[in-house]
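Novice: Sequence:
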Amino acid sequence: AVASGVEYVDSNGKTHTAVGIANLQTSFTKLIPGIQNATTVILSGGPWGTPPILERSGVGNTTLLSSLGIQTVVDLPGVGENLNEQPLVPMVWELNSSLPCPGSPFLLNVESLQKTLGGNVSELESLLNAQPEGLSNALWDLHKRLYQQDGPWIEGYIYLASPADGPSTLTWYPVNLHPLSRGYVHIVSKDFAYPEIQYNFFQNPVDLYIMAAAAQRVQQIVSTPPISDFIA
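Residue numbers (the numbering used here): 1 to 232.
Hints were generated in silico from the structure; no laboratory data involved. Note that this is a predicted model, so its numbers are computed, not measured. Among the hints, erroneous ones may be present.
[Said to hold, decoys possible] Simulated pairs of lysine to any residue, SDA-like, Cα-Cα distance not exceeding 25 Å:
| hint | residue 1 | residue 2 |
| --- | --- | --- |
| 1 | K115 | W140 |
| 2 | K115 | Q216 |
| 3 | K144 | A130 |
| 4 | K190 | G49 |
| 5 | K144 | M91 |
| 6 | K14 | A193 |
| 7 | K115 | M91 |
| 8 | K190 | G13 |
| 9 | K115 | Q219 |
| 10 | K190 | M91 |
| 11 | K190 | K115 |
[Unchecked claim] Cβ pair distances, simulated, as ranges:
| hint | residue 1 | residue 2 | range |
| --- | --- | --- | --- |
| 12 | V110 | G49 | 28 to 36 Å |
| 13 | E94 | Y194 | 33 to 41 Å |
| 14 | Q149 | S122 | 13 to 21 Å |
| 15 | Y199 | D229 | 35 to 43 Å |
| 16 | I221 | S136 | 18 to 26 Å |
The beta-carbon is built from N, C-alpha and C at its ideal position, and this holds for glycine as well.
Construct all of the structure, not just a fragment, from the sequences and the given hints.
Specialist: In structure tokens, the structure reads:
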């Protein structure tokens, strides 16, 4: 499907229709300076907004579109699927002394799964033998190669804070950079309405196992001097 025009609503609530490349350039130049010489205009709403734009335009899974009374222009079941987000778990400790607290998070380190697990990888490797439902062969192969090559998988952020009405705190966020769980974004009406967004965090047992191991790793580090010397 090739779009021949676009409608947009300005800040005063007035709807404008631009049809054709020349008209698109003229119309969008008023909104976005520097677009005069554009030959292609890409309309994107990000991971949450793009699927609704496509689905309401008739591009998506025919079953979903038909159920909402939308005529299918292109049957493309992948629209809105494969939503992926990196889960994190905030772990908080109260400090027993005043430390310089920048008030903004900073990256501590990035580790491979082998480092995070301390070499105890037999259970994880058995979980990795089963390809997750909904994950393409290409992505599955990429995850396996990343693991086999000791690639970066767990990211650690630290946040130090000194609130005015309480003790200083240390917050450590272990982040899974390569989750296997997949979610979706789909419209619930042919009219404008917020889409249904489902991440399916930890739907895959590998993600849950990895996050639990990462949390244990953080606990081990915080319980070891010199960091443990500052924990209340």
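Novice: Taking 25 Å as the top limit, are the C-alpha atoms of K115 and Q219 close enough?
Specialist: Holds, at about 15 Å.
Novice: Would you check the hint for K144 and M91, treating anything up to 25 Å between C-alpha atoms as holding?
Specialist: Measuring from Cα to Cα gives roughly 28 Å; hence the hint is violated.
Novice: Checking one constraint from the list: CA of K115 to CA of M91, max 25 Å. Satisfied?
Specialist: holds (20 Å)
Novice: Sort out whether K115 lies within 25 Å of K190, counting only the CA atoms.
Specialist: violated (48 Å)
Novice: Check whether the Cα positions of K14 and A193 lie no farther apart than 25 Å.
Specialist: holds (19 Å)
Novice: For the pair supplied as a hint, K115 and Q216, confirm whether the alpha-carbon distance does not exceed 25 Å.
Specialist: Distance of about 12 Å is within 25 Å: holds.
Novice: Does the Cβ distance between Y199 and D229 fall inside 35 to 43 Å?
Specialist: holds (38 Å)
Novice: Given a hint of 18 to 26 Å, does the C-beta separation of I221 and S136 actually sit inside it?
Specialist: Given a distance of about 35 Å, which is not inside 18 to 26 Å, the answer is violated.
Novice: In this structure, is the beta-carbon distance linking V110 and G49 contained in 28 to 36 Å?
Specialist: holds (30 Å)
Novice: Is it true that the CA of K190 sits at most 25 Å from the CA of M91?
Specialist: Roughly 41 Å separates the two Cα atoms, so the pair is violated.
Novice: For E94 and Y194, compare the CB-CB distance with the range 33 to 41 Å and indicate the outcome.
Specialist: holds (38 Å)
Novice: Does G49 sit within 25 Å of K190, going by the straight-line distance between their CA atoms?
Specialist: holds (14 Å)
Hints 5, 10, 11, 16, counting from the list given before, are not met by this structure.
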